[in-house]
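Make a model of the complete structure from these sequences and hints.
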Amino acid sequence: MNIHEYQAKRLFADYGIPVPTGQPAFSVEEATRQAQALGGDSWMVKAQVHAGGRGKAGGVKRVNSLEQVAEVAGRLLGTRLVTHQTGADGQPIQAVLIETPTQEIARELYLSMLVDRSKRRVAIIASAMGGMDIEAVAHDTPELVLTRSIHPVTGIQAHQAQELGFALGLNKEQRKQFWAILQSMYQLFLAQDFSLVEINPLIVTGAGDLMALDAKINLDDNALYRHPKLLELYDASQVDEKEDVARRFDLNYIALDGDIACMVNGAGLAMATMDLIKLHGGDPANFLDVGGGATAERVTEAFKLIQSDKKVKAILVNIFGGIVRCDLIAEGIIQAAQQTGLTLPVVVRLEGTNVEKGRESLNNSGLRLISAAGLTDAARKVVAAAGGQVA
5 MNIHEYQAKR
15 LFADYGIPVP
25 TGQPAFSVEE
35 ATRQAQALGG
45 DSWMVKAQVH
55 AGGRGKAGGV
65 KRVNSLEQVA
75 EVAGRLLGTR
85 LVTHQTGADG
95 QPIQAVLIET
105 PTQEIARELY
115 LSMLVDRSKR
125 RVAIIASAMG
135 GMDIEAVAHD
145 TPELVLTRSI
155 HPVTGIQAHQ
165 AQELGFALGL
175 NKEQRKQFWA
185 ILQSMYQLFL
195 AQDFSLVEIN
205 PLIVTGAGDL
215 MALDAKINLD
225 DNALYRHPKL
235 LELYDASQVD
245 EKEDVARRFD
255 LNYIALDGDI
265 ACMVNGAGLA
275 MATMDLIKLH
285 GGDPANFLDV
295 GGGATAERVT
305 EAFKLIQSDK
315 KVKAILVNIF
325 GGIVRCDLIA
335 EGIIQAAQQT
345 GLTLPVVVRL
355 EGTNVEKGRE
365 SLNNSGLRLI
375 SAAGLTDAAR
385 KVVAAAGGQV
395 A
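Residue numbers for the sequence shown follow the numbering used here, beginning at 5 and rising by one.
Check the hints yourself; a few may be wrong.
[As the list claims (entries may be wrong)] Straight-line Cα separation of at most 25 angstroms, SDA-like style, residue types lysine to any residue; simulated pairs: (1) K246 with G56; (2) K176 with I160; (3) K60 with V149; (4) K65 with G91; (5) K180 with E112; (6) K282 with G325; (7) K176 with M133; (8) K315 with K361; (9) K233 with Y19; (10) K220 with K282; (11) K60 with A142; (12) K233 with R252; (13) K361 with R302; (14) K246 with D93; (15) K123 with L150; (16) K220 with A171; (17) K246 with D213; (18) K314 with L260; (19) K180 with A132; (20) K220 with Q191; (21) K246 with T344; (22) K123 with L42; (23) K123 with S199; (24) K317 with G295; (25) K314 with A259; (26) K314 with K220; (27) K233 with I97; (28) K246 with K65; (29) K308 with S199; (30) K123 with Q191; (31) K317 with L237.
[To be verified] Derived Cβ-Cβ restraints for the label pairs, each shown as a range: (32) G59 with A211: 20 to 26 angstroms; (33) T344 with A127: 44 to 50 angstroms; (34) Q342 with L148: 58 to 64 angstroms; (35) G159 with D225: 21 to 27 angstroms; (36) L42 with D279: 49 to 55 angstroms; (37) R124 with D381: 36 to 42 angstroms; (38) F30 with E71: 18 to 24 angstroms; (39) Q166 with V119: 20 to 26 angstroms.
It is worth saying that the hints were derived from the structure and are not from the lab. Ideal placement from N, C-alpha and C gives every residue a C-beta, glycine not left out.
Dropping the structure here:
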C-alpha cells in the first residue's frame, strides 16, 4: 500500500526526520487558508498523487501570492495528473500540499531503505545524484549508487553512516545529522513494517542542514492488520476501481489492456497462463490470482470483477487444485453465472483435488463452457473464443 507525500512527512516528523512545514488542502479555500496560516510571501503547491515525476508534469509549483495559491490549487484539484509513472489516464488529484519553500538548496542527495529479498535484510541506498530518477542513475552510472546492508541483530552501524556520509561529500556536522536521520528512518521502517522509505531529494540547505524535501513510503500489505491507523491512510482513488474491489475480497488483481480475462490460483501459474495466451496470439485483460484458500464466494466475486471490464471477450479459468478444491471452484463459476447472467465464452481447465466432482458439476450446470485438456489447449481455445488468431 502506498500513501501520500503529506502523510509520509507526518510520519517522518513523528520520528524526528526534518521536513518542510506544510499542510494538505482539499479545496481551493482550504489551500488559501493553509498558506495564510503558514505565513511568508511564497509557497509550494504540490499535487498529492501516488506517482513520481510530478514536477515535470506540472504538479509542483512555487507561487508568490495568495492569489496564485488559489489559481494553482484550483487548476490542480479535481483533475488528473499524467506523469511517466501513471499511464495515459493519470491519477486523480484530490488534495494538494501547501508547503513553506526552502529558500536555498545547496545540494540534492538520494536516500532510501528497502527490503533486499536476496540478502533477507534491509538495505540502505544512497547517492549524490538526488532529485533524479534513481533507476536511470543506477543504469547509466551505477558507481554513483551506494548500498549497505543492515544486520538485523546489530542494526545500523556508525561506520556505515560515516562511510556513506564521506561518500556523499558531507562535512562533520552534516554527517552527524545524516547519522540521526538514518537511525530515525530505520526505527520508522521496523516499527511500521514498511517495505520502502525514500527521500528524494534529501537536500543540503543553504545553511548547511539536511532536510527531507520529498517523502515516499510503501507499506507491507501483509502487515497492515497490525497497523489499523496506517490502514486508514489508504486512498482508494489512487488505484484502479477493480483493483480496489479485489482488495476488499482478498483477491490479487491487476488490470491490463487486453481482452482475455484470466482467473487462476497461484501467482506463478497465473504468469504462465498469461505468457501462453500471449504466445498463442491473445492479450490478457488482467492478472487474477484467487489464492490457495479460494472459496465459492470469492470465485463468484472474481467473476463479477472480470465481467465489470467491458473489454473482456472471453474468460480462461485455469485451476490446479492442491489446497483449493476443484469442486469449490466449479461451484463458484456456477454461482457467478447465475448471479451475473454470464454470456461470455468461458474456457475451463481444472486439475487436481476433486477434479472429477468439479467437472461433473460444470457439465450438469447447463452453462456454455469450453473444456480444455491442458494449459496449451486452454490457451489456444480461449484465444479462438475471443476472436483472435491462434498461433
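Evaluated hints:
At roughly 22 angstroms between alpha-carbon atoms, K246 and G56 fall within 25 angstroms of each other, so this suggested pair holds. For the given pair, K176 sits about 19 angstroms from I160 by alpha-carbon distance, which is consistent with the 25 angstroms threshold. Taking the CA atoms of K60 and V149, the gap is near 23 angstroms; set against the 25 angstroms cutoff, the hint holds. Note on K65 and G91: the hinted pairing holds, with a Cα-Cα distance of about 22 angstroms set against a maximum of 25 angstroms.
A distance of roughly 17 angstroms separates the Cα atoms of K180 and E112; the hinted pair therefore holds under the 25 angstroms criterion. In summary, the hint linking K282 to G325 is supported, as the alpha carbons are separated by about 24 angstroms, within the 25 angstroms threshold. Between K176 and M133 the CA atoms are separated by roughly 20 angstroms; this keeps the pair inside 25 angstroms, and the hint holds. Taking the CA atoms of K315 and K361, the gap is about 32 angstroms. The hint is violated against a cut of 25 angstroms.
Our distance criterion of 25 angstroms between C-alpha atoms is met by K233 and Y19, whose separation comes to about 16 angstroms. Taken as a hint, the K220 and K282 pair is broken in the structure, with Cα atoms around 34 angstroms apart against an allowance of 25 angstroms. A distance of roughly 20 angstroms separates the Cα atoms of K60 and A142; the hinted pair therefore holds under the 25 angstroms criterion. Restraint check for K233 and R252: the C-alpha separation of about 17 angstroms stays at or below 25 angstroms, so the hint holds.
Under the criterion of a C-alpha separation no larger than 25 angstroms, the hint pairing K361 with R302 is consistent with the structure, at around 19 angstroms. Between K246 and D93, the direct Cα distance comes to roughly 15 angstroms. Compliance with the 25 angstroms bound is thereby established for this hinted pair. Restraint check: the Cα-Cα separation between K123 and L150 comes to about 16 angstroms, which is no more than 25 angstroms; the hinted pair holds. In summary, the hint linking K220 to A171 is supported, as the alpha carbons are separated by about 23 angstroms, within the 25 angstroms threshold.
Proposed proximity of K246 and D213 is contradicted: the alpha carbons are some 44 angstroms apart, above 25 angstroms. Between the alpha carbons of K314 and L260 the distance comes to roughly 12 angstroms, so the proposed pair stays at or under 25 angstroms and holds. Distance hint between K180 and A132 is fulfilled; the C-alpha atoms sit about 17 angstroms from each other, no more than 25 angstroms. Distance check on the hinted pair: K220 and Q191 sit about 16 angstroms apart at the alpha-carbon level, within 25 angstroms; holds.
For the hint linking K246 to T344, the alpha-carbon distance of about 16 angstroms falls within 25 angstroms, and the restraint holds. The straight-line distance between the Cα atoms of K123 and L42 is roughly 44 angstroms, outside the 25 angstroms bound, and the hint therefore fails. A C-alpha spacing of about 14 angstroms is found between K123 and S199, which places the hinted pair at or below 25 angstroms, so the restraint holds. Straight-line distance between C-alpha atoms of K317 and G295 comes to about 24 angstroms, which keeps the hinted pair within the 25 angstroms bound.
Restraint check for K314 and A259: the C-alpha separation of about 12 angstroms stays at or below 25 angstroms, so the hint holds. The hinted pair formed by K314 and K220 fails the criterion: a straight-line CA distance of about 34 angstroms is larger than 25 angstroms. The hinted pair formed by K233 and I97 meets the criterion: a straight-line CA distance of about 23 angstroms does not exceed 25 angstroms. Distance check on the hinted pair: K246 and K65 sit about 32 angstroms apart at the alpha-carbon level, beyond 25 angstroms; violated.
For the hint pairing K308 with S199, the CA-to-CA distance comes to about 31 angstroms; that exceeds 25 angstroms, so the pair is violated. Taking the CA atoms of K123 and Q191, the gap is near 20 angstroms; set against the 25 angstroms cutoff, the hint holds. Using a Cα cut-off of 25 angstroms, the hinted pair K317 and L237 is violated, with the two alpha carbons roughly 36 angstroms apart. Remark: the range hint 20 to 26 angstroms for G59 to A211 is upheld by a beta-carbon distance near 23 angstroms.
Under the hint 44 to 50 angstroms, the C-beta atoms of T344 and A127, about 46 angstroms apart, fit the expected range. In this structure the hint that Q342 and L148 lie 58 to 64 angstroms apart at CB holds, the actual value being about 60 angstroms. At about 25 angstroms, the beta-carbon gap between G159 and D225 stays in the expected band of 21 to 27 angstroms. For L42 and D279, the hinted distance range of 49 to 55 angstroms is satisfied, since their beta carbons lie about 52 angstroms from each other.
In this structure, R124 and D381 meet the distance hint of 36 to 42 angstroms, their C-beta atoms being roughly 40 angstroms apart. For the pair F30 and E71, the beta carbons lie near 20 angstroms from each other, so the given range of 18 to 24 angstroms is met. For the pair Q166 and V119, the supplied restraint of 20 to 26 angstroms holds, since their beta-carbon distance comes to about 24 angstroms.
When the structure is compared with the earlier hints, violations turn up for hints 8, 10, 17, 22, 26, 28, 29, 31 and for no others.
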